[in-house]
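Chains V and L supply the protein sequences, listed in that same order. So that you can map any letter, position 17 of the first sequence is 16 in numbering that gives the first Met the number 0, and since no number is skipped, the others follow by simple counting. So that you can map any letter, position 288 of the second sequence is 287 in numbering that gives the first Met the number 0, and since no number is skipped, the others follow by simple counting.
No lab work stands behind these hints: they were computed from the structure. Built from N, CA and C at the ideal position, the CB exists for glycine as well. Any given hint could be a false lead.
To be verified - In silico lysine to aspartate or glutamate, EDC-like type, Cα no more than 20 Å apart, as pairs:
id: 1; chain 1: V; residue 1: K15; chain 2: L; residue 2: E251
id: 2; chain 1: V; residue 1: K92; chain 2: L; residue 2: E282
id: 3; chain 1: V; residue 1: K21; chain 2: L; residue 2: E32
id: 4; chain 1: V; residue 1: K15; chain 2: V; residue 2: D40
id: 5; chain 1: V; residue 1: K15; chain 2: L; residue 2: D38
id: 6; chain 1: L; residue 1: K194; chain 2: L; residue 2: D259
id: 7; chain 1: V; residue 1: K21; chain 2: L; residue 2: E35
id: 8; chain 1: V; residue 1: K77; chain 2: L; residue 2: E294
id: 9; chain 1: L; residue 1: K79; chain 2: V; residue 2: E47
id: 10; chain 1: V; residue 1: K21; chain 2: V; residue 2: E4
id: 11; chain 1: V; residue 1: K15; chain 2: L; residue 2: E35
id: 12; chain 1: L; residue 1: K229; chain 2: L; residue 2: D42
id: 13; chain 1: L; residue 1: K118; chain 2: L; residue 2: D259
id: 14; chain 1: L; residue 1: K301; chain 2: L; residue 2: D109
id: 15; chain 1: L; residue 1: K118; chain 2: L; residue 2: D244
id: 16; chain 1: V; residue 1: K15; chain 2: L; residue 2: E31
id: 17; chain 1: L; residue 1: K79; chain 2: L; residue 2: D216
id: 18; chain 1: L; residue 1: K229; chain 2: L; residue 2: D244
id: 19; chain 1: V; residue 1: K15; chain 2: V; residue 2: E36
id: 20; chain 1: L; residue 1: K229; chain 2: L; residue 2: D88
id: 21; chain 1: L; residue 1: K79; chain 2: V; residue 2: E36
id: 22; chain 1: V; residue 1: K15; chain 2: L; residue 2: E32
id: 23; chain 1: L; residue 1: K118; chain 2: L; residue 2: E251
id: 24; chain 1: L; residue 1: K194; chain 2: V; residue 2: D86
id: 25; chain 1: V; residue 1: K92; chain 2: L; residue 2: E297
id: 26; chain 1: V; residue 1: K15; chain 2: V; residue 2: E47
id: 27; chain 1: V; residue 1: K77; chain 2: L; residue 2: D88
id: 28; chain 1: V; residue 1: K92; chain 2: L; residue 2: D109
id: 29; chain 1: L; residue 1: K118; chain 2: L; residue 2: E294
id: 30; chain 1: L; residue 1: K79; chain 2: V; residue 2: D76
Said to hold, decoys possible - Not everything, but these chain V residues come out facing chain L in the computed CB check (under 7 Å):
id: 31; residue: P14
id: 32; residue: N16
id: 33; residue: H20
id: 34; residue: Y85
id: 35; residue: N93
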Amino acid sequence: MARNEWPLFEVFIRPKNGLSHKHAGSLHAADARMALENARDVYARRGEGVSLWVVPSAAITASEPADKETFFDPADDKVYRHPTFYDIPPEVKNI
Amino acid sequence: MYTQGLDVGSDSDRTTAPTGPEERFQARVDAEEKIEPRDWMPDGYRRTLIRQISQHAHSEIVGMLPEGNWITRAPTLRRKVALLAKVQDEGGHGLYLYSAAETLGASRGDLVADLLNGKAKYSSIFNYPTLTWADIGAIGWLVDGAAIMNQVPLCRCSYGPYARAMVRICREESFHQRQGYEIMLALSRGSDAQKRMAQDALDRWWWPSLMMFGPSDGQSAHSAQSMRWKIKRFSNDELRQRFVDATVPQAEFLGLTVPDPDLAFDEATGHYRFGAIDWSEFERVLKGDGPCNRERLEARRKAWDDGAWVREAALAHAKKKDARAQAAAA
Ligand SMILES: [Fe+2]
Ligand SMILES: [Fe+2]
Ligand SMILES: [Fe+2]
Chain V
0 MARNEWPLFE
10 VFIRPKNGLS
20 HKHAGSLHAA
30 DARMALENAR
40 DVYARRGEGV
50 SLWVVPSAAI
60 TASEPADKET
70 FFDPADDKVY
80 RHPTFYDIPP
90 EVKNI
Chain L
0 MYTQGLDVGS
10 DSDRTTAPTG
20 PEERFQARVD
30 AEEKIEPRDW
40 MPDGYRRTLI
50 RQISQHAHSE
60 IVGMLPEGNW
70 ITRAPTLRRK
80 VALLAKVQDE
90 GGHGLYLYSA
100 AETLGASRGD
110 LVADLLNGKA
120 KYSSIFNYPT
130 LTWADIGAIG
140 WLVDGAAIMN
150 QVPLCRCSYG
160 PYARAMVRIC
170 REESFHQRQG
180 YEIMLALSRG
190 SDAQKRMAQD
200 ALDRWWWPSL
210 MMFGPSDGQS
220 AHSAQSMRWK
230 IKRFSNDELR
240 QRFVDATVPQ
250 AEFLGLTVPD
260 PDLAFDEATG
270 HYRFGAIDWS
280 EFERVLKGDG
290 PCNRERLEAR
300 RKAWDDGAWV
310 REAALAHAKK
320 KDARAQAAAA
């Protein structure tokens, strides 16, 4: 903020009723209210959504791209978390 | 189901005479629109949802106990990792649901306190003991089977955060029932002693599983309003019937006998007719006098108390790191 820059906000849009918000992009704004209005004008000009969230980018803690492998690989060798791992004869229905 | 306590609740959810917002709300619900946390909603709708979602959450958490009982004694490594993964999922389900309840303004601390002090209800099914390994098979097959039957329609619940949590849960549930049935299949194709063990588990879990759907429609205190609000899509009896219809052929495939002398397939309706449920047992277990109610609550209280220092230490550590970062920045 050395040059008096406006802070960055991440923009999330609920594309339609019933769905959860999805990340759409980001923008700079002086405060949250301005971020919301600008997000509407930038990201929702053509009926892209029914609800908007703006979150200060600085408030987001993200996983490290470089650690992707080690961070997620604990799930890779756990095939037994998936239904297809279990042998159910095809005659058995509704399961 | 996991929220049977609602059906026998005593406090009333009478809503005030229809006014403007109330009618608009109902119109949105009727149009199959989802209600979101910041939307206007009747107090009764909010209260009912907080109660239902938190009872559901408590059930997932308490439900970890009967199965957790067998993790160290699973017969093979394959069974052990499957059971661990399942119990881990149930803990996650509790979390998704508590979070959904919090979107309605409930505090997590209050919800947990209500469970620990015995004020809140959870599904009666988890107050039965797991006496043999076959019980782990029977729970996955019957209890998760009944839960899925109930939870699939909840994916279309009118409250958005609950519906979306249920979508996630249902996706994860799909392996729970299969791992249970696989256990039952192995036992019923095994030695005579193993077959007897499988039959014994079915004998003990069948009726409590049917009770999971809650009282009959006529006796159910909140059913009609919940249906109007589209929190609930099908009546307790409808869901119970679907469960029986789906499950009896699965028992037959195992070569096991459903412990109900009145069970018969009705050609005319295409459904199984089944015997009368002992609702006095249900009431007893739900009110606290089941075989394991005290043990379950004690286990939860102990877990909460034993975890107190961990919660405190994590907070103290976070504060210390914060203070250090601020000092460095200054
Ligand atoms: Fe469950
Ligand atoms: Fe679950
Ligand atoms: Fe489950």
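Checklist entry - Can you list which hints this structure breaks, lowest number first? => result 1, 2, 8, 9, 10, 13, 15, 17, 18, 20, 21, 23, 25, 28, 31, 33
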